[in-house]
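Chemist: Chains as they are written, first to last, in this note's numbering: chain A, 306 to 806; chain V, 306 to 806; chain W, 306 to 806; chain X, 306 to 806.
Incorrect hints may appear among the rest.
Copies of one chain are not kept apart here, so a pair can be met inside one copy or by any two copies together.
What the hints assert, rightly or not - Cut-off 25 angstroms, straight-line C-alpha distance, at most; resulting in silico cross-link-like pairs (DMTMM-like, lysine to aspartate or glutamate):
{"hint": "1", "residue 1": "723", "residue 2": "621"}
{"hint": "2", "residue 1": "464", "residue 2": "659"}
{"hint": "3", "residue 1": "723", "residue 2": "785"}
{"hint": "4", "residue 1": "519", "residue 2": "575"}
{"hint": "5", "residue 1": "718", "residue 2": "532"}
{"hint": "6", "residue 1": "723", "residue 2": "633"}
{"hint": "7", "residue 1": "464", "residue 2": "532"}
{"hint": "8", "residue 1": "723", "residue 2": "772"}
{"hint": "9", "residue 1": "627", "residue 2": "772"}
{"hint": "10", "residue 1": "627", "residue 2": "582"}
{"hint": "11", "residue 1": "541", "residue 2": "327"}
{"hint": "12", "residue 1": "705", "residue 2": "327"}
{"hint": "13", "residue 1": "627", "residue 2": "692"}
{"hint": "14", "residue 1": "447", "residue 2": "659"}
{"hint": "15", "residue 1": "464", "residue 2": "333"}
{"hint": "16", "residue 1": "705", "residue 2": "542"}
{"hint": "17", "residue 1": "784", "residue 2": "724"}
{"hint": "18", "residue 1": "319", "residue 2": "333"}
{"hint": "19", "residue 1": "464", "residue 2": "633"}
{"hint": "20", "residue 1": "627", "residue 2": "681"}
{"hint": "21", "residue 1": "723", "residue 2": "628"}
{"hint": "22", "residue 1": "705", "residue 2": "545"}
{"hint": "23", "residue 1": "464", "residue 2": "371"}
{"hint": "24", "residue 1": "723", "residue 2": "469"}
{"hint": "25", "residue 1": "793", "residue 2": "582"}
{"hint": "26", "residue 1": "793", "residue 2": "361"}
Since the hints were derived computationally from the structure, they do not count as laboratory data.
The primary structure of each chain is shown beneath.
4 protein chains.
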Amino acid sequence: MAVKTPNEYVESLKDGRRIYFEGNLYHDVTEHPILRRGLQRGLIDYAMYQDPRYKDLILAYEDNGEPYHISFKPPETADDLVQRQKLQFLQSRIQGGRSSGAKFVGIDALHAVTAASRMIDKKTGVSKYVERVEAFREECKKMDAALAGGMTDVKGDRKLRPADQKQHNDFYVRVVDESQDGIHVTGCLAHISHATYVNYIIVVPCRAMREEDKDYAVAFAVSPAAEGVTLIHPQKDPVEWGDYFDYPLLGYNVSGDCMVVFDNVFIPWEHVFLCKEWQFAPLVTYQFANFHRLSGLSNKVGMVTLDVGAALLMAEYNGLEKDPVIRDKLSWLVWYAETVKALVKAAAANPTTDPTTGWLYPDRIMTNCAKYFGADNHHHAMKVIQDIAGGLVATIPSGKDFYNPATHDMLEKYLAGKEGVPTEFRMRAIKLVKDLANIEAAVAAIHAEGSLAAQKMTFLQIADLEEYKAAAKWACGIKDGSEHPLYKDLMERPVYENIIK
Amino acid sequence: MAVKTPNEYVESLKDGRRIYFEGNLYHDVTEHPILRRGLQRGLIDYAMYQDPRYKDLILAYEDNGEPYHISFKPPETADDLVQRQKLQFLQSRIQGGRSSGAKFVGIDALHAVTAASRMIDKKTGVSKYVERVEAFREECKKMDAALAGGMTDVKGDRKLRPADQKQHNDFYVRVVDESQDGIHVTGCLAHISHATYVNYIIVVPCRAMREEDKDYAVAFAVSPAAEGVTLIHPQKDPVEWGDYFDYPLLGYNVSGDCMVVFDNVFIPWEHVFLCKEWQFAPLVTYQFANFHRLSGLSNKVGMVTLDVGAALLMAEYNGLEKDPVIRDKLSWLVWYAETVKALVKAAAANPTTDPTTGWLYPDRIMTNCAKYFGADNHHHAMKVIQDIAGGLVATIPSGKDFYNPATHDMLEKYLAGKEGVPTEFRMRAIKLVKDLANIEAAVAAIHAEGSLAAQKMTFLQIADLEEYKAAAKWACGIKDGSEHPLYKDLMERPVYENIIK
Amino acid sequence: MAVKTPNEYVESLKDGRRIYFEGNLYHDVTEHPILRRGLQRGLIDYAMYQDPRYKDLILAYEDNGEPYHISFKPPETADDLVQRQKLQFLQSRIQGGRSSGAKFVGIDALHAVTAASRMIDKKTGVSKYVERVEAFREECKKMDAALAGGMTDVKGDRKLRPADQKQHNDFYVRVVDESQDGIHVTGCLAHISHATYVNYIIVVPCRAMREEDKDYAVAFAVSPAAEGVTLIHPQKDPVEWGDYFDYPLLGYNVSGDCMVVFDNVFIPWEHVFLCKEWQFAPLVTYQFANFHRLSGLSNKVGMVTLDVGAALLMAEYNGLEKDPVIRDKLSWLVWYAETVKALVKAAAANPTTDPTTGWLYPDRIMTNCAKYFGADNHHHAMKVIQDIAGGLVATIPSGKDFYNPATHDMLEKYLAGKEGVPTEFRMRAIKLVKDLANIEAAVAAIHAEGSLAAQKMTFLQIADLEEYKAAAKWACGIKDGSEHPLYKDLMERPVYENIIK
Amino acid sequence: MAVKTPNEYVESLKDGRRIYFEGNLYHDVTEHPILRRGLQRGLIDYAMYQDPRYKDLILAYEDNGEPYHISFKPPETADDLVQRQKLQFLQSRIQGGRSSGAKFVGIDALHAVTAASRMIDKKTGVSKYVERVEAFREECKKMDAALAGGMTDVKGDRKLRPADQKQHNDFYVRVVDESQDGIHVTGCLAHISHATYVNYIIVVPCRAMREEDKDYAVAFAVSPAAEGVTLIHPQKDPVEWGDYFDYPLLGYNVSGDCMVVFDNVFIPWEHVFLCKEWQFAPLVTYQFANFHRLSGLSNKVGMVTLDVGAALLMAEYNGLEKDPVIRDKLSWLVWYAETVKALVKAAAANPTTDPTTGWLYPDRIMTNCAKYFGADNHHHAMKVIQDIAGGLVATIPSGKDFYNPATHDMLEKYLAGKEGVPTEFRMRAIKLVKDLANIEAAVAAIHAEGSLAAQKMTFLQIADLEEYKAAAKWACGIKDGSEHPLYKDLMERPVYENIIK
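Sequences and hints are given; from them, build the entire structure.
Modeler: In structure tokens:
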């Protein structure tokens, strides 16, 4: 097989998985219109295989010529990262903003366990995890698996670490049993993107662990249909799917960040990628975070492009595209989008190579700079766009009224903006502004791929703080014996009286 | 009659008015669940009359002892403004945030035409408008009218003034005909709060007019059931009304900011309060804006209180109420809310009195300071709240899953936060955070009661810019002959050498 | 005597006090031009006594007709607070921005110990502190004392409380000895405004204390000339005092926030206002903070007025006063200044009365809202002003070049802005913008009267957080048994189906 | 010669140039301590030549082996841009923040006229300007010229274009006469960095010109000693140069952004690089802006590194480096600095090549993103740093008091912070924070290399706005016939019902 058709993909999900949604149990995602629509985010990969324009971008080939999804190839050069980013840009362009593909988060988790396997095996001198991960990769390639990444535990009391929780021990996914064949896990993950629609979820730990937390230091792959797994799909506002006039984004593209409950689920050893080696937990976590923040932000480029485009259209349709104050705001929006793009591209183009294993990953600083910048400005961008678009964003009548002959002419006449712009265009743009402001996008801007607080923690961890301090000490003459490579052999600053004789 | 019962109020709306909503025509707002729910914002007045706790606050009495809604009384003292504000605080407390009452915007429009009538008649020396307005007030009191204010024209090309529009002449409501009995008006208003649910809409001009715009300088009262009037109700997301678990705010409280189309509508002279006296148009506009910005912000106090409360609950339920960084954010939120309250109260407590007529109105500067402050920070407040609340705001399952025995225990166990807090409470608070971020609230924060740009314009118009400049000139020794009362006779600043002998 | 002349004031400071400044010891502030200039901030009170225009504002009278500075009168009504604010507005107007008067901080400290004396005596049932404080007040009135307030200890390691400091025990002022006649104190205060120029410093604790910190719970009055007191005056940039062209503000008005070192200084009991009653320390602290934040902000009104005035002048002089984007920025500045004013006035006009003693003090919430608002926006305001003013703020030639005949005409010609504006005016305004951005003003904006962090702490302490939570619970249906007065008897929100039969 | 010694550089400036400073005329910059200190910014190049560590970085070589300053080489690859940036990073590291070197702005102007010469000659088909520019380059290389760039005209009324000014015609530098030998120019430039200390100023136009402005479309090189040139040096605060304790930055490093007045100055044709070809003026302007914004920001990296370092030191010295709220602020600062660095590096590493001439220049979008980001956050960064550092920044005593035996021990004892940190270090760091906040740095942050408004204008000019709009139209179904390359052949978004059969 190696690459599936869209039909094969959909069929592969009919495996008896248990999905609860709005009080009902479903075994097949095609049974409910909202669940069915969520599939579209994954279908794009399988649809693109069929399209000659995109084959080169999305496919790699085995030595025997068999094609497979290019994402399964571990990155070896900056170009590999850049190519994946181009694919993400393209997919979010096609899907009108946020997209994902069938392996969006999952590949980042696969990269994380791949990196970890190499580093752990190197360190322990035992070849164990590399073999498992690579065998799993082959399995995935062969079945062209749709993959989710499972990182976010439900966490309980946020102030307490995994082993210190009081109400029960399962707020973080943990190993409850271990046998010759594998392990059993219990726990629950929250907001796992696309989990309802994949063949495997790759679960990784979400934080550093202490020795007493070692049962929680676990990474593995699991099918959503495995015994003991329950999926609880998030509530979705009942917008009318397919009503692209009133809901240009939400009517098409629905996310499905579901809860995944594990009740003593058996995982065979070949799918276990970390088991109680608590010291390595943060390594998996940060490798995941790093890849995924870049993926998330590459994806977000599609959103910010829409944001700015919607504002430009509204300014024009309202007749204000030359108004100096409006232009000042538009310019800020363009800056915002272009800065996200510049940082996102730079993070992919300047990867870091792990010195011991040769593993290559996106620049951590740039990736986090990009993510923080995008997230920190999202709500302000929404404010600016809504400010430009006007109050109608909240009060616009339905497309059904626009297309009702009894009211069409009134709306055509009175909701017109600038001369020459069809009222229909203006209404569509207003509906777009409305959809862009949806709460899921807002919350995702902050929390997806790690919250603002997570990036802030990262900056203090990974930036060379000693360089900053050395610069300050150099400038004000503090000599405390510390030596920084950039400063210890630096030429003294030139002083006229010392130089000119 | 003088005060209606709730039933009488609802019956009074069954007058044949024509309401289009999502492609259908309704003549009775009780026919559709969404339209019916919109009534609740108005019902509160009529319900409160019945309640002995609130009679003193909401009722005034005629000399003959007949009670009437206190809002019909024109404000004569600061206490009158403060009392109305207390009523607004109370109503938004009861209704859980944004409220209105059956006369919310309408009273502000009535105040505007009252003020204008006194000023115009004073200026022209002809007693005309005062009589009409006072007669209309009596009519309203007698029927205990629900009232809307109609200010916002659809405007067309925002760069063009009323008479300069190119596509047609009706982008601003205008007088198309005038006879012995009255006038005929054509045009369309946008986002007229509660218009579907009132007995009268009081229409006022939304901007200053030039002589060539004089047909647009018109103010009048009109019934939504008048011949030639069409109401087009805004599209509403089909949330489940009455599902207070999943939609604690939206499931209860639905706004209805509709379009009001006038097609050659006849208005008898007794309901015309401005007709072509274009010089007076801005006077009506700013009197309306002033009262209504205060009303809007008084109402918003209920919203910001909820915002902050939701964040406090989420911090606590997540176990983070003592986390220093979270406390830093909570503190910012409290400051935000308390500053809104301080400014809003100060604006009511320090009214201005028009020197020629004795008309009393809220402090314009403080009112606009309050409105701008609240609006400018809304999106940032949402960001902070969502940051505190966490990603579940976007991915939380439905209440139907929580109350489904098959999944209840899982959710009970895994969505628990801090020990001792029922999961139900945490879920409710999360749903509240979600509802608070609704796009209507966001757009209303910016555009309701006038956009940020409108306030900015106002500051430059009404602040004493000469005082600012005089201060700067005084401080840096610029002597250009200008004289400001505060500076012209000021003592020179004391200089040691000049003073100490 | 009761009110001093300016000469008498200056003479009263020649008491042998020991002032170190830039490496030298001075006993008389008039000996050095910078020290001498610092006097001007205090001289204004004594100069105003002489001026018939201001007598009513600045003087109160004993029953025997003897006049005294009105500040010595404890506030009894809102009008008293408002009148003091008017005096502060006036003085900062005269002095071109930040001012103070000879009792600026000292009166706030006197109010603090007055409040504390009443509350402590009430609580303990022993009349002790009230007598002392009132006797001290009489002493101050009689000698028309210039007064400083001494609150800020040097603090050492900010993470450690007074008794936990490691390097020595004197990072907070403390009682080192106690005898029948009085106490001995050791320690050091930092940035005590005007301390070099006063007759008494009233020292109060700067934080809450635990029992183990009780030696640090001390309040007292002390003369800067007392044995064991050393004043270390802050470094001042050597601008040319009196060069009002190049330094319109700094050339006139110099602050002197000095260090006050106590080395076993004897304080007689009659000047001791708190001694080891550690439970009452925070009471003194917050009463001081409260009055002083209001004083500081009332004073800041003068600064923000200048800020905005300078920007208005620069916009005009550059020919940009009608540029829409510039106007947008100017409008923001006006909003900023007017909001500070609104909050500051409201805080004075709405005082709180202590229920047990009747003591009246400014509204704590409004005061802190005002302080935080002003401080939080200072740097942004500077950015906006500099943005408007242009690069010349950094590169403008000296007034000496402007008045040098060899270069005058060139500068006259080329530094001209808008037609009709003398180049001299433009240069003066640019110099003003430069002076407004001085680092002392910036740091004072944040740290004077308590840092941003101090206000943030205050909001969480004094706001009614339970009201916020009750609102949120009410809105989303959380019933946890808690009862808030505003919510426990509230009418249920009206629901159509329940009301309409 | 080809590379000068420091002495030769200083001697080369003794050419009779006329410098006015604080009312006096100087012909030699070494005559006044402030003027002399300004030299240091340029001396660094000449000092580095002597240092074997830096030769590879700063020198290039002629075919005959003769060395010359590498900046004279026009960039041909991304590596050339990156290397120049490394040199700038290094120089600003050595000089403790803002630096420049002797050719800082001048090289950017030389690049601008080089680019323009190629483009103009290509367009006109006449080889004229390339020859002149290259001959001038050879002249500069041979004499190892110190170079300034002269772009900013004084501008007069900002609302009026060059030819429309009312008071006189010289607000922009213009050609007043033209002969066989060359041209004569009159006008005045403002804030020309380092002009007092260079051998040539390369003057370029600062804006687009209309045909009627053609006399103002002029670019040329001129010696500051040329007849008719007057330099007016900016006023400098009289800090004590060499007092590195009290003024760690200002005591060393003084900028000299002077006015350059041209009174009918003769420029021989070989130094004229644009003369009345008004259509090409914006080309020179933007090529200059582009290179110079990158230089300026590369340089600023040194400043932001200091900013963050100073904050890190202060947090540590105050004992607050582990305080969560302080860490939150530090993290923001690190993010700020790292984002500036990421953008600045990306702009150099991803140059654009002019398609017709092969001319290579930094990415315009990234360069402007970087500049805007750095400038927009400068004042906020200062606020955060001052907030962390504490009030002592404004009130710290002089180093002279610290080193005065009479007060040393007191200051040593009482200004101590965290245990183990010498008080001297803490004082030095506080002085650094003070110096970092100097007004010149603040104004330069906004206005140097073009104001915020200039970047904003640029974003709307150079970003592909049509791509943004196309994205929005695609997403909401607006079909207006416009075609964008990225969208016109895009695959339709996959819809379940269409794909799955």
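Chemist: Determine for every hint whether it applies to the structure shown.
Modeler: Okay, the hints, checked on the actual structure:
Within a single copy, residue 723 and residue 621 get their C-alpha atoms as close as 7 angstroms, which meets the 25 angstroms cut-off; across copies the closest is 33 angstroms, which misses it. Taking identical chains as interchangeable, the C-alpha atoms of residue 464 and residue 659 are never at most 25 angstroms apart, the minima being 33 angstroms within one chain and 38 angstroms between chains. Taking CA atoms no more than 25 angstroms apart as the test, residue 723 paired with residue 785 passes between copies only; the shortest distance there is 15 angstroms, against 67 angstroms inside one copy. Taking CA atoms no more than 25 angstroms apart as the test, residue 519 paired with residue 575 passes inside one copy only; the shortest distance there is 20 angstroms, against 65 angstroms between copies.
Within a single copy, residue 718 and residue 532 get their C-alpha atoms only as close as 60 angstroms, which misses the 25 angstroms cut-off; across copies the closest is 19 angstroms, which meets it. Both within a single protomer and between protomers do residue 723 and residue 633 lie at most 25 angstroms apart by alpha-carbon distance, with minima of 20 angstroms and 24 angstroms respectively. Proximity of residue 464 and residue 532 under a CA criterion of 25 angstroms is satisfied in neither setting, with 32 angstroms inside one chain copy and 52 angstroms between copies. In this assembly of identical chains, the alpha carbons of residue 723 and residue 772 lie at most 25 angstroms apart only when taken from different copies (21 angstroms versus 55 angstroms within one copy).
Taking CA atoms no more than 25 angstroms apart as the test, residue 627 paired with residue 772 passes between copies only; the shortest distance there is 19 angstroms, against 46 angstroms inside one copy. Neither within a single protomer nor between protomers do residue 627 and residue 582 lie at most 25 angstroms apart by alpha-carbon distance, with minima of 61 angstroms and 29 angstroms respectively. With identical chains, the CA atoms of residue 541 and residue 327 are at most 25 angstroms apart both within one copy (9 angstroms) and between copies (21 angstroms). For a Cα distance limit of 25 angstroms, the shortest separation of residue 705 from residue 327 across copies, 5 angstroms, qualifies, whereas the shortest one inside one copy, 27 angstroms, does not.
For the homomeric pair residue 627 and residue 692, the shortest alpha-carbon distances inside one copy (16 angstroms) and between copies (22 angstroms) are both at most 25 angstroms. Taking the shortest alpha-carbon separations for residue 447 and residue 659, neither the intra-copy value of 29 angstroms nor the inter-copy value of 46 angstroms comes in at or below 25 angstroms. In this assembly of identical chains, the alpha carbons of residue 464 and residue 333 never lie at most 25 angstroms apart, being 38 angstroms within a copy and 54 angstroms across copies at closest. When the C-alpha separation of residue 705 and residue 542 is checked against a cutoff of 25 angstroms, the pair qualifies both within a copy, at 19 angstroms, and between copies, at 13 angstroms.
Taking the shortest Cα distances, residue 784 and residue 724 sit within 25 angstroms of each other only across copies (17 angstroms), while inside one copy they are farther apart (69 angstroms). In this homomeric assembly, residue 319 and residue 333 come within 25 angstroms of each other (Cα to Cα) only inside a single copy, at 5 angstroms, whereas the closest approach across copies is 48 angstroms. For the homomeric pair residue 464 and residue 633, the shortest alpha-carbon distance between copies (16 angstroms) is at most 25 angstroms, but the shortest distance inside one copy (43 angstroms) is not. Taking the shortest Cα distances, residue 627 and residue 681 sit within 25 angstroms of each other only across copies (24 angstroms), while inside one copy they are farther apart (28 angstroms).
Within a single copy, residue 723 and residue 628 get their C-alpha atoms as close as 13 angstroms, and across copies as close as 24 angstroms, so both meet the 25 angstroms cut-off. Taking identical chains as interchangeable, the C-alpha atoms of residue 705 and residue 545 lie at most 25 angstroms apart whether they share a chain (12 angstroms) or sit on different chains (20 angstroms). In this assembly of identical chains, residue 464 and residue 371 lie within 25 angstroms of each other by CA distance neither inside one copy nor across copies; the values are 50 angstroms within and 60 angstroms between. Only between protomers do residue 723 and residue 469 lie at most 25 angstroms apart by alpha-carbon distance; the minimum there is 12 angstroms, versus 62 angstroms within a single protomer.
Proximity of residue 793 and residue 582 under a CA criterion of 25 angstroms is satisfied in neither setting, with 39 angstroms inside one chain copy and 52 angstroms between copies. Taking the shortest alpha-carbon separations for residue 793 and residue 361, only the inter-copy value of 19 angstroms comes in at or below 25 angstroms, while the best intra-copy value is 50 angstroms.
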